[in-house]
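Q: Residue-level listing of the chains:
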Amino acid sequence: MTIPMEYGLLLAAILFCIGLAGVLVRRDVIFMLMSVEVMLNAAGLAFIVGGAARGSADGQVMFIFILAMAAAEVSVGLALIIQLYQKFKTLDADSASQLNG
Amino acid sequence: MITGPDIRSLLPIEILAGGMVITMLGVALKRNPTLTFICTLITLAASFLSVLFIWPAKPHAIGDLFLVDRFGCYFQALVLLSAFVVTLFSQISLKNFFPGKRKEEYYLLLLLATLGGATMVISTHFISFFIGLEILNISLYTLISYYRERPKAIEAGLKYLILAAMSSAFLLFGMALVYALTGTLSFQGLAATTFRHDSVSLTILITGIGLMITGMGFKLALVPFHMWAPDIYEGASSPISAFIATVSKGAMLAVLLRFFATADLFGFKKLMLVFTVIAILSMLGGNLLALRQNNIKRMLAYSSIAHFGYVLVAFIAGTGLGTQAASFYLTAYIITILAAFSLITLMSRSDNEATDIEDYAGLFWKKPVLATLLSITLLSLAGIPLTAGFMGKFYLLTSGVGKGNWLLAFTLVISSVIGLYYYLRFIFAMMRTDGQNFPIDSRPSYSSLTGLLVLSLLGAAVIWLGVYPAWLIRLVGSLT
Amino acid sequence: MSELLWLIVALPFAGSLVLALAGKSLPRLAAAMIGVGSVTLSAILMLFVCLDFLHANPAGTPVHQMLWQWINVSGFSPAIAFHLDSVSLTFVFVITFIGALIHLYSAAFMWKEDGFARFFSYMNLFIGFMLLLVLADNFLLLYMGWEGVGLCSYLLIGFWYKDPGNGYAARKAFTVTRVGDTAMVIGLFILFTNYHTLNIQDILQAAPHTWAPGSTIAIITAYLLLGGAIGKSAQVPLQTWLPDAMAAPSPVSALIHAATMVTAGVYLIARTHVLFELAPIVQTTVAIIGAVTLIVAGMSALYQHDIKKVLAYSTISQIGYMFVALGVGAWSAALFHFMIHAFFKSLLFLGAGSVIAVLNNEHNMFKMGGLWKKMPVVFWTFLIGACALSALPLITAGFYSKDEIIWQAYASDKGSIVLWLTGLAGAFITALYTFRMVFLTFFGNAKAEPTYRPGVAMTLPLVVLAFLSFAGGFIQLPDNMGHVTLFSQFIQHTLPTTVTTASGHAAEWIAQVIAAIVSIAGLALAYRIYYNKPFPAAEPVRNPIQRFFFQGWDFDLVYDKVIVQPIVFFSRIDKNDIIDQFYTGLASIAGLFNKGLAATQNGKLRWYAMALGIGAVITLTILLYA
Amino acid sequence: MILAWIILLLMGTGFLAWLTSRWSDILPRIISLAGTLLFLGVVLYLWFTHSASAVPSGNAAAGAWIIHYTHSWIPAFGIHIILAADGLSLLMLLLTAFLGVLSVLVSWKEIKTRVGFFHFNLLFILAGITGVFVSLDLFLFYFSWEVMLIPMYFLISIWGYENRTYAAGKFFLFTQASGLLMFLSILGLYFVHGRSTGVYTFDYEALKGTVLSQPTAFLLMLGFAAAFLVKLSTVPFHSWLPDAHTQAPTAGSVLLAGLLLKTGAYGIIRFVLPLFPQASQQFAPAAMILGVISILYGAKLAYAQTDLKRLVAYISVSHMGFILLGIYAFNQIAMQGVIMQMVAHAISTGGLFIIVGALHARIQTREIGQMGGLWTQVPKMGAMGLLFVLASLGLPGLGNFIAEILILTGSFMASKILTIIAAVGFIAATLYSLRIMQKVFYGTVLKKWEITDFGFREMIVMGSLAIVIIWLGLFPNSILNATQQMVQGIVQQVNITVNGPQNANTLQNASR
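Residue numbers (the working numbering), protein chains in the order written: chain B, 1 to 101; chain U, 1 to 480; chain W, 1 to 626; chain V, 1 to 512.
Keep in mind the hints are simulated off the structure, nothing from the lab.
All clues given are correct.
Straight line, CA to CA, 25 angstroms or less: simulated DMTMM-like cross-link-like pairs of lysine to aspartate or glutamate: (1) V:K447 <-> W:D114; (2) B:K89 <-> B:D28; (3) W:K24 <-> V:D453; (4) V:K447 <-> V:D307; (5) W:K575 <-> V:E162; (6) W:K595 <-> U:D356; (7) V:K447 <-> W:E113; (8) W:K112 <-> W:D306; (9) U:K270 <-> B:E6; (10) V:K448 <-> W:E113; (11) U:K366 <-> V:D25; (12) W:K162 <-> V:E450; (13) W:K604 <-> U:D356; (14) W:K24 <-> V:E450; (15) W:K575 <-> V:D307; (16) W:K604 <-> B:D28; (17) B:K87 <-> U:D356; (18) W:K604 <-> B:D94; (19) V:K447 <-> W:D163; (20) W:K533 <-> W:D306; (21) U:K152 <-> B:D94; (22) W:K595 <-> B:D94; (23) W:K604 <-> B:E37; (24) V:K448 <-> W:D163; (25) W:K112 <-> W:E449.
Looking at chain B on its own, in the form it has when it is part of the complex (with noise of 0.2 angstroms):
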């Protein structure tokens, strides 16, 4: 039996919406990462699902694609949160606010 693609794309809109929940509502600069990473991996579910629809492998080449680039995003993350606490003392994200105006 097969699930429709309706419902899987469903599934990632819910687990987008999750994410971006996440960032906004979270302070902590590393929560608002993870919930990035939620979000792009709901976009990368998406892709699945899609692909799998589709019958065609694009979805999952994607898919891999995604997962790298999220790696990559993270590690850079991780090193600048680093830096934000040197600065700040803090890692509350909107504490990091003299750019304004």
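Start from chain B and add chains U, W and V according to the hints.
A: Chains U, W and V only, in chain B's frame:
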């Protein structure tokens, strides 16, 4: 199956990549910033020349992934040119702000980012587009926060990272939805494929495209996705701001144009409506935000929001005249904005990056040449005759009026009048006679001399395009 | 000879120009030579031209001289060209001749003043413009002279510019007359749109064929021209500027505000008589205005203490007589009185001027007195002038000129008993205030000592003018006594004869006797009240009625309240341009937007992320639900 | 070609002046003077050689160009460099050159700082204005139109008086905003013409024949009108003018009043009427009313001012009202009057501005409250002041009178009521003009200023102005003949396209 022609037409990218690897090896062998700097310059120059070398008579497709046509090559040339200038001034900036630190990685990252941009502009496929974009993005995060002593740099980097990642997520999810519906990742396919025209799938498709627009709009810093721009511009060093304003935005615009042209979405009324709204918001919002901005970098950020709003006027006008206008305007804008940021770099000293309007008070009477160049730049941004900006604006208006988009044309006019105000503010500041002396050391260092030379070239180009634009018009005319 | 006509006009202009350019560097004598010389020359020239005109063509056919095409735009083509006929010749005669005398007088009168050259440059300029006015062959050129003399009057009234009062009087004169002029200009527009030319003669010939008598357009045009006339000639209701104009040096008052400029209105009406005849109601208005004016001004003259103000009001009222004459169509009578009046009134002004001068600029008659022994020449000439003004019968020119007007006011077809009575009343008042002036000034006990005796340069003009105002009358005698009609015949080359209804010498005799009695009665009354009576030197206290007359029937008061104050108030409000506020408003609105938007750039990462999300939502909403 | 050379000459001189300023301050002055004099010489040569061919000839086609030069510029859009001159253009060039020389002379002592850059701007203004007066390609026209603004902006914002930033910015924003609207109209016209004929060009002669639907024509016309009315400082678009005039240095004021305002009138005559005859006819009543309002409102404000320079500025507003009234009367008399007014106003107001500038240089104030009784000390200045004050109140025998009488006579044929109201402007003019004389030169001496009278250089300037204004008053034909042909052409065209030929003829006869 990769063929000879494929390799030939990908030469610029290959040279970039190759050059980068060589430079990296060189760094591994011996750390010498100057050497790295020179290698970078050579790589970029070579790549640029190769673009001219491969200048294609007819488009050459490489699978679904790339399409090497004049359009792509032209934008590659733009990207490489900007990267070249940015590199030159990065060297100066590094010398001022990053003395005695390791600078080699900077150049590598710069090359990497350029590679990303160069890839984007010829991509005709979600995957190639995505890869290019991310190469560009991730190197940018690092470049923005490269001056790690400065909290602002870190803050900017982090902000950009989170937001860019988010936008990528939007973009990807959008792609995914589109892919799920059409089953293809190539722009071409989107136009070609047919799918079940029931409400659900249509909704999904539209949602997908909408999310993609969000992702792209973020990169172009269009209202309402513009929030990041001023902060990043301010936090990053001037050359990097220039890089964002030129390479990253330019590349994204190229992709946008190509995507809409190939997948022919220009006929898609609702999409155009969205873009009309975005354009109007960007033009007005950008200019109004800049109105009383005293920080020149933030001002330029806001103005760039407005300027990409202008470009959208041409974009909405669609293929043909619209694309030409956009290309022309982007060229004019890139040259101008490069000049602007280069000037800021030249003005800056290690203790202070000359960003406040007060730093420019009375510049006209202390450094007439710099001041004249900056005035030319600002006037060009304001779109005053004798400058490239005017011809660009003329081109945009022509395309807009030609398609009968009077609303957009009027908004453009009104908002550019608003814009005039803040450009004049800076010009008058330079005219002032009571400006307290901003420490500009007059010892002519080798690098700042070359900087001045390049700057003057850029200025000359601005004037030249403003007086005799026929050749460029012919060129962009031949692109599509 | 008459081809030298242009020279008559050119000479004064040249003199003025020279004085204006080189005046500062010239010595006084040279300046005087140029100033007086230029006018005298043109006076002499005028005499030649005059003789030429009289001999060459007894028919009095006009002489026309074109200098150059002034403007030429699709039909609008006035030229700089002169038209000399009997009417203009009369005026040219008066202007140049009296002008020359007065210039001579001024040379002595102004000798000690600084700005001597400036004075003469203005005076010459005036003569030039005045000649332009009366010689112009088209309305535009006439208007040029018209405005030009107004300008000179402005400049000369304000000659002693350091006193703001003079400046005020000058501006008042110019502005009030300009009101009339504007009306006149509009009249010119109408004339041009209807006749496609501004040439006076062409229009006068064409008018009767195009406009029906009494037609609205004719009436409007005539009224507009009349507006110009009453402005210049200081008739009710625009008379208020003339008394103030006495701030000018006395020779100026004599030349401009008695002899020549103020009679420009008379000239205009006489010149355009056809138009007025086409609008009978307007011509009646002219007569009425004249009648009213001569009473109003006469009464005011009666209560003045400033000798020059007396003369000013008297001038107004005498011009009133001329207007009456014009109104009843007694064209030649009007011009005759104009000429005679020019003689004796300038004489009186010059006499008064010398008195004032020798008494250290004392204007108040109550502070004079007993001068007849001390300055006999001035006294006797002044007396002759006074007799002429109050029209003492038979011996004075004033009698013949004024009597004719009074008679015509009754006898002509447009005349009426009312006008006649008004004329008589006026004559009575005239005699009264004239001799009040004479007695107060020259008789009684002396209250001030003359500082010096006027020299020959000042007395010679007085004598000449005195002779003229005595003998000038005999060139035109009523038909019941002698019936000399040199003047009227001369004028009738240009202007129509007066149509008289009441005829018969009996009536005329009676009228003349009455007129004579009236004026003598006035003299007698003045004698009873003022002769050798001790009057306080100080300003007399006045009861309200007296003050009312003294202040010229409070016209100034009314105008100040109704016109001047509102204008001043109106100019005060909205000094800095309400419209400007609108644009500043726009700017501040933009500023507000800027503030609002800048507030959104608060640097908070999560807010930015939120904005991104909201953006996406908006996009999707438009896409899905638009 | 000669026209192109003139523009290049001016620009070259400007650069030269700027470069030489690093060696001495006197050099730029001399160079600019030489340059402008050469300019004047060339234009005079053109005037006298060509005014022969410009004298009225029987049939007047508005396209009878004396000089015509075309060169390709941006072929992709059909943009050419078309420089041409007819009587009007030549006249305007003459005015430009004349005032150019004067403005160099008046700046001789007044400008002490950054002399080179000043003259650079001055000459670029002249170049831009020249461009405006001779370009027949709408794109080029707009180009020059904008180019002349930038140096003027610099002129005001650097060498202006106390409140210069505000004034300069205001001036620039107003003119830019309106200019861009005109640019939209130009583009609109370009496309309409292109669509209908398939030929995409900015060529004036080509576009003149464009067939437009009524509403389109009106909208496009409004775009043009916006730019020109703002430039003409018509109420209610005038509020940039008082500030700009007041704050600009003397030379700036002279050029503003003498030339920049005129570009507005020139634009209407040259472009609005021929390109949109019907629309102009529709617009005429509104325009004439605006004109009358300007006359009176300007006069009223002039009377109210206490800042002498501001007063003169508002006089300009009032006089420009006459121009607007005259243009839209659509007959030769009024139109010729307008052209006369363009010249006469330039001279008279220029003279007044120079006097104000000279006074300010001597007593460091423009407040008339501070002055009074100055005649005693500066009789020459007083006499000159008197002359130009009289000119501005329209005294017969001086240029402005000819202009105003022609305008009013013409407009009287078009609208009696409006003309009568406008005639009230004469009285108002008397009030504000005589007020100047009274407050400044007559009356009691309020402050004992130790000031010198006009010197030789200043007398040269004022003398030449005086001669010109009197010449204009006595021999206006010397000007009117030159423009007669062109005016006739335009008026005929407007009336023909509207009422059909026969009516036009009758109207011609009517004004005969």
